[in-house]
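S.K.: Chain by chain, the residues run as shown.
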Amino acid sequence: MLKKTGNLVILEGSMKKLGLLSLLLLWTALSFAQLKFTATASKTNVGVGEQFQVDFALNGGGERFIPPDFHGLDVLSGPNPSTSMTSINGVTSYNTTYSYILAADKEGTFQIDAAAIVSNGHTLTTNSLKIKVKGQAPQQQAQPTQQAQAAAPDDASKADAKDLSKQIFLKAEVDKTNVYVGQQVKVSYKIYTRVGILGGQPDKAPDLNGFYNQDVVNRNPNSTWKSETYKGLRYNVATIKQSILFPQHSGDLSIDPLGMTVVVRLQLPSRNVLDDFYGNVKDVKYQMKSQPIIIHAIALPQAGKPADFSGAVGSFSVYADVDKKELKANETLNYTLEITGTGNLNLMNAPKISPPVDFEKYDPKTTDHITVDSMGVSGSRQFSYLLIPRHQGDYMLNPINFTYFNPATKQYVTIPAKGFSIKVDKGDVTANVPAFNSTDQQEIKLLGTDIRYVKTSSAGLYKNGEGFYDSVLYYILLLLGPVLFGGALFYRRWNTQYNSDIVKVKSRLANKIAAKHLAAAQKELTAGNKSAFYEAIAKGLYGYLSDKLNIPIADLNRENIADKLKARSLEAALIKQLDDTIDLCEMARFAPVTGIAQQEVFDKAKNIINEIEDKI
Amino acid sequence: MKRGLYLLLLLALPLFSLGDDNTALFEKGNAAYAKAQYQQAEKAYQQIVDGGYQSATVYFNLGNAYYKLGDIPSALLYYEKAHKLAPGDEDINFNIRFANSKTSDKVEPEPEFFATQWWHNFILFFSASTLAVLSILLFLAGFGVLILYLFTSSISLKKASFFIGVTMVFVGLVMVFMANRQINYFSNHHQAIIFSSTVTVKSSPDASAKPLFVVHEGTKVTVMQTNDTWIEVELPNGNAGWIASSDVKEI
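Respectively, the protein sequence lines represent chains C and D.
The first sequence maps to residues 95 to 710 in the numbering used here.
The second sequence maps to residues 1254 to 1504 in the numbering used here.
If you're looking for bench data, these hints aren't it; they were derived computationally from the structure.
Wrong hints could be hidden among the right ones.
[To be verified] Simulated restraints on C-beta separations:
no., chain 1, residue 1, chain 2, residue 2, range
1, C, Glu560, D, Pro1464, 37 to 47 Å
2, C, Glu560, D, Lys1296, 20 to 30 Å
3, D, Glu1363, C, Leu441, 49 to 59 Å
4, D, Arg1350, C, Ser448, 41 to 51 Å
5, C, Gly581, D, Gly1323, 58 to 68 Å
6, C, Ser448, D, Glu1487, 38 to 48 Å
7, D, Ala1394, C, Ser448, 47 to 57 Å
8, C, Asp657, D, Ala1394, 55 to 65 Å
9, D, Ala1394, C, Ser663, 21 to 31 Å
10, D, Lys1296, C, Ser515, 51 to 61 Å
11, D, Phe1466, C, Ser448, 35 to 45 Å
12, D, Gly1323, C, Leu540, 20 to 30 Å
13, C, Lys520, D, Ala1394, 57 to 67 Å
[What the hints assert, rightly or not] Dumping the calculated EDC-like pairs for lysine to aspartate or glutamate here, alpha-carbon to alpha-carbon at most 16 Å:
no., chain 1, residue 1, chain 2, residue 2
14, C, Lys557, D, Asp1273
15, D, Lys1321, C, Asp544
16, C, Lys280, C, Asp309
17, D, Lys1355, C, Asp544
18, C, Lys557, D, Glu1361
19, C, Lys265, C, Asp297
20, C, Lys557, D, Asp1274
[Claimed, not checked] Which stretches of chain C does chain D cover? Using the computed rule of at least three CB atoms under 8 Å from a CB of chain D, they are:
no., stretch
21, 543 to 552
22, 555 to 561
23, 567 to 573
24, 581 to 593
For each residue, glycine too, the CB sits at the ideal point set by N, CA and C.
Throw the hints in and build the complete structure from the sequences for me.
M.R.: Right, dumping it as structure tokens:
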């Protein structure tokens, strides 16, 4: 025995020191025979739903425990590892145990396969176990004296299990079944019971396909039981789970049932005095499921839906703010948009803002302050936009219109957020200018394209088929030029011909001059005013001679005229004729003349002028 | 330069009476368009056109109104009509290009021989009406200068007026010729806009004929020949075939 314990001590040491003598290794190899890995069940004959314990124990240290296959037995708890170390009189013993709490949900024989563990580099396996499951679970340890009898009344407990569904059940409740996409639905899972519950927990969370799901965090971890009457029976009711669901698309969406396994304590009819005293009860494991619920999700109406709808459904308010209203170019500006209210805040997209084009815009940072409670999802979501103005100037951050859909009024509601005027001062040239801005010149940003605007100047309308081109007027005007030219050409030719005879031309000219000077006389002649006529003739002749011979009016007398005419070598006969005519005219002014008609005098005077013109 | 020409045109055009109500309608359409009430603008312009009046301006504005209402084929139809009346107008040509980019068919035109292209650009540079007015003014001025040549006695003035006058008359003649060629070009190029959303072009004028290709609304086609209720059309890329004449509207 001493030798053996010595070996054990060495064994302990050998686990830490690797370079041991082969002799010692031989000893330790022998000692392994004493390492045992065993499986034990607390009972091998159990009822349906009865809990029992299976331990896998190793009298030493082990690692890499491989659990066995339980073949249909429910694992209620485990593996629960435990180690113990005892040292008695310097002899240390070490134990490792993995225990499971199991239960069977149907009758039959179940095998628990071997478990495995690695110790000291050796793999150890346990024996396998057989568990016989027959009948309902017997009463638990609380009534140890009744245990033997409890297994017997099968019929009674079966009857209890049958109407257990009336005694205890799960119910899913929604606050509404007809909703818009994005509108919140509250689903509550409630447990209704008329029997005592020892324990239990929900199975895995139900799949909620087509929903965005937010569980209500219960601040009070202990379920509060309330009394409620349902179908004429009184139940104890507790809410075990609440979720806020947001339908993601339109259509009939199904809320899957929630499953739950509970262990309930049933009262059995008493059979003897002791039963009366202690109560004849048994614990039953019971699985239940809530009923599935269909939610009819309606798509949001298209009418009145703005193009930049961010998907908000509920009831919100919006608040905008900027951290500064005056800054230097290339400094940062924070524009914050806070949306507060009740609804699908988590699913809301950042509203598009359109800062002035010279502002650089970055994607917004989202900060949520959202609470999920039994009233629904509420709180605020804050979008923080980082803007960097690149040029100085006075800019306007236009007010943003935030639009949400209000399912209560079934309408889109647009609420404006404040706009801000931002004053940007000239920034430091060196500070904050990105490296790629190597030149000051920038390309003109094309913001969009559109058709050219309508022409607002005169319409210039004309009737179809009455266009100016090809019209009669067009041809007339077109021909006007050549025709005028032709006329001009013709006129020039006629003119040339007309003026070709010099004598004729001269006489024409003289006639003109005579007519000019004798115009007054002509007038008096037609008027039949005798004395005035002769005066006009005389005046005309004097006037002509004064012009022609360049004699001032003051020096105008007959002698002078005759001298000048002679000097110009005019015929004496003509001078005499002129003299006679003037004589006649002067005489006729005071006395009537006979033997000559007025017309004759006029012609004579005209002839004289023509003759003088001819000669001089 | 062009603006000045239009002013000249406008001076000549009051000869052709345009009713006061048309001017009022035009103003009404412009006002509605400015207020983005495109439906009313379209109605006003359309009323002018339905009344049997035309001008590049009113066609252009009507095309704009249709464009804003999203009716691309109608917009293109009226742009093309405007283009026909004022082929050199850059606004009209720009909007044609812009509206064409909104149609679904992308048709690469067959490359034209460069001289043909120059020739077309040359004869389409001014509208026929502009050319008519210009040629008349040049004729009148040219012959006026030539008349001066006939009667002036100064030798230098005579020389100058002769050459100036002859040049003006020659340029006027060229413009008369250009206008004639332009009218001829448009009467030989019957074009149409597809108005049905999808049209299958057939190999012969028969509903059961072999389908050749599919064109969509807004595409401009050249009308080759007409046969009862069918017309033969050709795309700018050279593909040709028959479609029902109800599927298109001629420009």
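S.K.: Would you mind marking each hint as holding or not holding in the structure?
M.R.: Against the structure, the hints come out as follows:
no., hint, result
1, Glu560/C - Pro1464/D: 37 to 47 Å, "holds, 43 Å"
2, Glu560/C - Lys1296/D: 20 to 30 Å, "holds, 24 Å"
3, Glu1363/D - Leu441/C: 49 to 59 Å, "holds, 53 Å"
4, Arg1350/D - Ser448/C: 41 to 51 Å, "violated, 28 Å"
5, Gly581/C - Gly1323/D: 58 to 68 Å, "holds, 60 Å"
6, Ser448/C - Glu1487/D: 38 to 48 Å, "holds, 46 Å"
7, Ala1394/D - Ser448/C: 47 to 57 Å, "holds, 56 Å"
8, Asp657/C - Ala1394/D: 55 to 65 Å, "holds, 59 Å"
9, Ala1394/D - Ser663/C: 21 to 31 Å, "violated, 54 Å"
10, Lys1296/D - Ser515/C: 51 to 61 Å, "violated, 41 Å"
11, Phe1466/D - Ser448/C: 35 to 45 Å, "holds, 43 Å"
12, Gly1323/D - Leu540/C: 20 to 30 Å, "holds, 23 Å"
13, Lys520/C - Ala1394/D: 57 to 67 Å, "holds, 58 Å"
14, Lys557/C - Asp1273/D, "holds, 13 Å"
15, Lys1321/D - Asp544/C, "holds, 10 Å"
16, Lys280/C - Asp309/C, "holds, 10 Å"
17, Lys1355/D - Asp544/C, "holds, 11 Å"
18, Lys557/C - Glu1361/D, "violated, 36 Å"
19, Lys265/C - Asp297/C, "holds, 15 Å"
20, Lys557/C - Asp1274/D, "holds, 14 Å"
21, 543 to 552, "holds (count 10)"
22, 555 to 561, "holds (count 6)"
23, 567 to 573, "holds (count 4)"
24, 581 to 593, "holds (count 3)"
Figure legend: structure checked against the earlier numbered hints; hints not met, in rising order: 4, 9, 10, 18.
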